[in-house]
Every structure is written in C-alpha cells, then in structure tokens.
Amino acid sequence: QAGAIAGMTVDLTLYPLDTLKTRLQAREGFRHAGGFRGVYRGILPVLVGSAPNAAIFFLAYERAKQQLGPASGAQHAALVHMAAASIAETAACIIRVPVEVVKQRAQIYRARGGARGVLDVASVLMRRDGWRGFYRGFGTTVMREIPFTCIQFPLYEYLKHVWSVQQDTPVQPWQASLCGSVAGGCAAAVTTPLDVLKTRMMLSDETVQRLSPAKLARQIVREEGAHVLLRGLAPRVLWISAGGAIFLGAYEKASKELRRRDGP
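Heads up: the sequence shown at position 92 corresponds to 92 in full-length UniProt numbering, and the numbers run straight through without jumps.
Hints should not be assumed to be uniformly reliable.
Keeping only pairs whose Cα atoms sit at most 20 Å apart, straight-line, the calculated SDA-like set for lysine to any residue is [stated by the list, open to error]:
#1 K256 with E62
#2 K256 with R63
#3 K256 with I95
#4 K253 with V237
#5 K160 with V171
#6 K160 with G225
#7 K256 with T9
#8 K253 with L59
#9 K160 with A242
#10 K160 with A77
#11 K253 with V142
#12 K256 with W174
#13 K256 with L178
#14 K253 with I146
#15 K160 with W174
By construction, these hints were calculated from the structure, which means they are not laboratory data.
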C-alpha cells in the first residue's frame, strides 16, 4: 500500500520528463518524435499500472530482505539489498514492461503516423503481435533494472544508515528523500546506455527485435555514433533524482503512518 501511494505520486508528478527522455532516445529524433507537445500522452497505462507495479516491487523487496538478511549477516548487507532489489525488479517487470511498451509508443505518436491514442497503440500491438508484443524488450528491461537497483538501493540504504548513525535516530522522511535523490541520480547516470537500448527495443520493428542488446549497441554506434547511447541522460537523471526523492520519501512516510495506524 505504501509502495502504491509512492509510485502514483512519482508518476503523476514527473511524467513529462519521462516523455522528453523517450523522445530524445527515439531513432526519429526529438523534434520528429513529438518535441515538447503532448507531454502527458500515454499516461493512462502508467496510471493503471503504477499502483500494482510499485506494490509488487516493495512487497518482493521487503520479503526478499527478510529471507536473505538473517542468513547473510550485517557484513553482507549491501549484497542482500542488491539481491532483494534485483528479485523485486524482475517481479515488477511483469507489470512494468507492458505499461512501458504502450506508453513509449504513444509518446512518439508524431513520428509513427499521427496522434495515436493509447487504445489504438494497444489494439495495433495485439492485432500484429498478440500478447508477446506487450512484452517486447522484457529481457532488455530486466538487464537495465538489475544494475540500476544494484546501485540505487544499496546506496540508498547505506546513506540512510550513515545518516541515522550520525544523528543516533532513524532518518525522517525528508532525509530519506534526499538519500533517494542522490542514489537515484547516480544509478540513472550509469545505466543511461542500457535505457537507450531498452527504448529502441520497445519502439522497434521485428528486424531490431532479432538483435541482441550487444549487437543493437554496436549498430547504434556504427550508424549514429557512440554519443547516442547517452541521449536523454539529463532528463533521465533529473527525473529519477526527483523520482527517488518523492518515491522513497513518500514510501518512508507512508510506511511510518501505516505502522503507527496498525500499532505495535
């Protein structure tokens, strides 16, 4: 429940930055992919999928930490957080990938034949590819999410731990927000090339779908230049830094309120 509240807060607030990032990464280029127009286009599947996606992630994350933590000891806390976050991200991708595929295709409507709505995009996908079309780029998404969370969550937990030790009290929600912002921004910067590959795969035709991520990366570098793998870095870092602050801060606050309501 706390994860669902946090996820919805982030998605509603920061969606325009995600749209700009997607259009920067599209092969057509920013202007032809829609530019600054219609920055909330494609938000419907995000709103529908936001709560279950975030709830699945945090449920899996907390459960995995509980299972892995006691057997590993305090000295392996970072590894526990990495493993728990990786498990949680993979589970969340069951919801996240179909949402991302429909959302990103709606975001670049101008380059793909006009102002297609979300329902039109979903209908075309189903008619052409069946259900597997909604899971286009699943492996590439998992490949992006695992290193992202292996950086973000251990760093987030470490920063919270250091801060709480220094002040000798648990961190407050606003402090968790700052820790989440720093951790998210660092993880976003490092994984931007993987995000570009994920975007290209989700927006691709069948020819690109047959390429492995490594071959797709080589093709992009050969045809467009290595700098293309960093497209969208600025809005991605800004979006995820702000998202980390809102998401993790809201999660900490909501968790605190829910614990208080439920009692000891």
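Here is how each hint holds up against the structure:
Our distance criterion of 20 Å between C-alpha atoms is met by K256 and E62, whose separation comes to about 15 Å. A hinted pair counts as satisfied when its Cα atoms are at most 20 Å apart, and K256 with R63 qualifies at roughly 18 Å. This hinted pair does not check out: K256 and I95 have alpha carbons roughly 26 Å apart, beyond 20 Å. Among the hinted pairs, K253 with V237 is inconsistent with the structure: their alpha-carbon atoms are about 23 Å apart, more than 20 Å.
At roughly 6 Å between alpha-carbon atoms, K160 and V171 fall within 20 Å of each other, so this suggested pair holds. Distance hint between K160 and G225 is unfulfilled; the C-alpha atoms sit about 39 Å from each other, more than 20 Å. For a cut-off of 20 Å, the pair hint linking K256 to T9 stands: about 17 Å separates their Cα positions. Only pairs whose Cα atoms come within 20 Å are accepted, and K253 paired with L59 is accepted, the gap being roughly 16 Å.
Restraint check: the Cα-Cα separation between K160 and A242 comes to about 17 Å, which is no more than 20 Å; the hinted pair holds. Proximity of K160 to A77 is assessed by CA-CA distance (about 13 Å); at most 20 Å being required, the pair is judged to hold. Restraint check for K253 and V142: not satisfied, since their Cα atoms lie roughly 28 Å apart, outside the 20 Å limit. Taken as a hint, the K256 and W174 pair is honoured in the structure, with Cα atoms around 12 Å apart against an allowance of 20 Å.
Distance check on the hinted pair: K256 and L178 sit about 17 Å apart at the alpha-carbon level, within 20 Å; holds. The hinted pair formed by K253 and I146 fails the criterion: a straight-line CA distance of about 26 Å is larger than 20 Å. For the suggested pair K160 and W174, the alpha carbons sit about 11 Å apart, so the restraint of at most 20 Å is met.
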